[in-house]
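2 protein chains.
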Amino acid sequence: MRDIELKELQQHAEQYADREVTVRGWVRQNRSSNRFGFIALNDGTCFSPVQIVYEAEELGNFEEIARAPLSAGILVKGRLLLTPQAKQPFEIHAEEVTIEADSAADYPLQNKRHSMEFLREIAHLRPRANTFQAVFRVRSLVAYAIHQFFQERGFVYVHTPIITGSDAEGAGEMFQLTTLDLNDLPRTEDGSIDYTKDFFGKECNLTVSGQLEAEIFALAFRNVYTFGPTFRAENSNTARHASEFWMIEPEIAFADLADDMALAEDMVKYIINYVLEHAPAEMDFFNRFIDKGLLDRLQHVAGSEFERVTYTRAVEILQSCGEKFQYPVEWGIDLQTEHERYLTETVFKKPIFVTDYPKDIKAFYMRLNDDGKTVAACDMLVPGVGEIIGGSQREERLDVLQARMKELGLSEKDYWWYLELRKYGGVKHAGYGLGFERIIMYITGMSNIRDVLPFPRTPKTAEF
Amino acid sequence: MRDIELKELQQHAEQYADREVTVRGWVRQNRSSNRFGFIALNDGTCFSPVQIVYEAEELGNFEEIARAPLSAGILVKGRLLLTPQAKQPFEIHAEEVTIEADSAADYPLQNKRHSMEFLREIAHLRPRANTFQAVFRVRSLVAYAIHQFFQERGFVYVHTPIITGSDAEGAGEMFQLTTLDLNDLPRTEDGSIDYTKDFFGKECNLTVSGQLEAEIFALAFRNVYTFGPTFRAENSNTARHASEFWMIEPEIAFADLADDMALAEDMVKYIINYVLEHAPAEMDFFNRFIDKGLLDRLQHVAGSEFERVTYTRAVEILQSCGEKFQYPVEWGIDLQTEHERYLTETVFKKPIFVTDYPKDIKAFYMRLNDDGKTVAACDMLVPGVGEIIGGSQREERLDVLQARMKELGLSEKDYWWYLELRKYGGVKHAGYGLGFERIIMYITGMSNIRDVLPFPRTPKTAEF
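Which chain is which? The protein sequence lines are U and X, in order. Note that numbering that gives the first Met the number 0 has the first sequence beginning at 0, numbered continuously upward. Note that numbering that gives the first Met the number 0 has the second sequence beginning at 0, numbered continuously upward.
Calculated from the structure, these hints are not laboratory results. A hint or two may mislead.
Copies of the same chain are indistinguishable here, so a pair counts whether it falls within one copy or spans any two.
[Said to hold, decoys possible] As a list, the in silico PhoX-like pairs of lysine-lysine whose alpha-carbon atoms are at most 25 angstroms apart: (1) K459 <-> K196; (2) K348 <-> K291; (3) K6 <-> K76.
My request is simple: use the sequences and hints to build the entire structure.
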C-alpha cells in the first residue's frame, strides 16, 4: 500500500476517517508508558506533526518502538480516527510500526531551545527544526508567488548572466573568478597577469545585478523579470548582509516611475496575500514565537494604499518633526535606516515610496528629472524594516545618458551595448530590485539574514 | 488613455471590435505608398505582430510615419477592425501615430536572414528577432512550468549555494573565486598561498551541482527541488556545453528509483503539455522553421508510456542489433550518444529510461544494487537528443557509503555532514538532475546551446 503524505491527511482528514492508512515520517517526539505511547510524526510536507497512538497490545515490537529515537524514520500502518475534542483534529491508531531508518543517540537537534548560532553550525539538520521548517517553506512559497505574480501578467523570466566580464553597474565589490593556477600565474611581457590565458580570455567577476541585461530584454519583450543569485564581496558582518543572495529585478518598457511603483506595490501585496493563504500554520508560528504583531502588520500593509512622497518633502518632514536623529538631515544626504523607519512608522504609519532623490546619491542610469538635480528614483520603505525595494525610471535619452556617464568618468566603450539600446527604439522604461532575503525577513519576522538563507555565505563562512 | 498590450488584443479581439484603442510597440516592418501604409507592430507581449493601417488623409504626420524606421518605438491610437477574411484576425486603423523613440538607420537587425553566429554578437538586439522572441518566451514558460509542476505537488524550492567550499561531487572542473589581489598574493611561511586571507578564509569555487545539499532538505521536507545556475570550467567548445547553465534537481525522500523515474516522466510530459498550450504560435514557428516534425515528436512523447530497460539489457540489444557503431559496445562502457539515440529512436521509438548502470562509471553516492556491481541509477533518453536527465537512488546505508568512498579515495572529513545525514533518520531517497538548456533545446529544436541562453558563457566568451 502506497503511503499517504501527511499534508493530504491534514487537508482531507474527514475523507480518511476510520480508514486504514499507511504513512511515513520522522519521529519528532516519542513518549510512552509500559502499555501505550504517542509519537509526533512529521514527514516534512506540512508544519504540524500528526499524532500516532501505539499500544503494547497491538504491536509485537512495542518495546522497540517505545525506544524509537528522535528523528528515526518510520512507517506506520493504522486507522485514522477523528478527534474533534482534542487539540489536533485526528490521530492514527497504529496497527504496525516499522523503523526504516534509525537515528543515533547523539542526534544534535534534541527537543530543547538551541541558539540560532548553534543551529547555523548544523545547517544540515536545522531544516528539521520548527523555525526552519516554517522559514524554508515560506521561502519556497514566496519564490513561487513572485513567479506566479509576474507570469500571470505575461512577464518573461530572463536568466541574466552570473559570470560577467564587466563590473558594469559598480553596485558593489565583486568576486573575481578564474581558472588560472594561482601558484603559477601566466605573465605578459610587462609582468602583469596575462588574462588572455584565463578561461574567458579576460578578467571576470560574479554579477552584482542583472538590471542592465534585463533592460535588453524589456526592450524586446516589454515586461520581463530576473530572479537569480547575486553577489557582493563587501567585508561587512551585519544581520542584513550576505555575500550571496537572491534578487528579483523586473523591468518594464513603455513605463515610467509611476507604473514602476504601481507594479512594486501590487507585487508586495500579492506576496503577502499568497503567503497568508498558503502557509497559515507557519505564519501563525512566526506571529506567536518570532515576531508578535507580525500578522497585524502584514494584513495592514496588504490593505493599505502605499503613500508616495518626494525626497525633498521627506527631508522637510524630517527636519521639522522635532525628532533627534543620530545622523542629521539635510537635502542631499542619503537617508539612513532611522530616517526611513521614522517616515514609514511614525509619520505615515504604512509603506511609502520616497521618490526623486538627488542625482548625486543615485546610479548613473537613473532618469534625470527636469529640475536637473533629482532623478526619477524610488525606494519602498516598510514599517519594521525600512528600505525593501529600490527602483527607477531609466535614462532613455542617449545624450543625457552620455553626459551623465562623462560626469562620472564612465567609459562609453564599456557600455557600448547599453548605449546602443538608446539608439534603436529605446522607449521609456523602468524597473526595480527586490532583495529576496529582505522580503523573507520582512514576512517571517526573522531578524538575521543568515537564518533565511539555506546555507549562508558571509565573510569567512562558506560551510556546507 | 492607457495603452493596451497587444497580447490582450490578440486574445480578445472581438471585445475590442470597432473600438478606439491605444497601443505601443516597435516597428517590425513598415511599407507605404504615397496614400497609405502598413506597419507590423510588436510590443513583445505576443509572437505575432499586429497590423497598423495608416493613411495620408488621416495623419498630419503621414510622411514622418511612412519613414519610421525598423525598431522605432511608436504610439498608435486608432480603431480596431476585425478582418475575418485576412490572414491576421484584425487590424488597427490609425487615427494618430507618434514616434516615441527613434531608431538609427544603421540598426543591425534588418529584416533579412542573419547567421546565428552574427546574432550572438548582437545579443543585446537578438531577443527582438523572431527566433529569439520564440526561444526566450518558451524558455520563460518552461521555467514556470517546472516551478508549477513541483509546487502543485507540494515540493519545497530550495536555493542551494552557488559558492561552495568543497568540490564535493567532483562532477567537473570548477571556477575558483577569490577576492585576493592576484598581483600581490598573501603567502604563508612555507610560501604557499594563504587562503585564510581570502574572503571566505579558504579556497572556494562555483557549484557544479546542488544535489548533496538538496538531500539535506529532502530529509527534512520530503519533497524538494533546486533550480539554479551551475558551472563547469571544462574547456570544451561543443554545441551542447556551456560554462554557465541552469539545472533542476528534485530530491524525494521515502522514495526509490521507480518513484524517481515516475516523477521525471510526469515532469517531462507536464512541461511539454504546458508549452503546447501556452505557446502555440511559438511552437508552430519552431515546427515550421527550425525543426520540422518537432510538434509530432513532442506530442508523441507526451502521449507515450516511457520504456524502462536495464543497462545490461540495453548492452545486449546494442550488441545483437547488427548496427555498426563508432564506439564498440561491451558491458562496462559508458553509453555514447550514438548508442543512446539508437536505443530511443530505432529500438524503442520513444523515450526510455536506462537503469542499473555499472557502479564504476557512476558517482559514489548512487545506491549499490544487491548484485554488488551495478547501482540504482537511471538516465532518461529521448528521441532526437539522447540523454536529458540523469538520476539515482542515493546510498542511504552508512557502512556501504563509507566503503564506497574508501574505494574511491574520498575523505570522510570532507563529507562529514553528508555522512551524518545517514546517521540520523537517513531514509531511502532519490533524485535526478535536468539540464534546463537541454530541455529547452529539446522542446524548441534549437541545435546550439548558445542560442537558448540569453548571454552564453563558453570558453573565451563572456560578453554582455
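Hint check:
When the C-alpha separation of K459 and K196 is checked against a cutoff of 25 angstroms, the pair qualifies only between copies, where the shortest distance is 9 angstroms, while the shortest distance within a copy is 29 angstroms. Taking CA atoms no more than 25 angstroms apart as the test, K348 paired with K291 passes inside one copy only; the shortest distance there is 18 angstroms, against 60 angstroms between copies. Taking the shortest alpha-carbon separations for K6 and K76, only the intra-copy value of 16 angstroms comes in at or below 25 angstroms, while the best inter-copy value is 53 angstroms.
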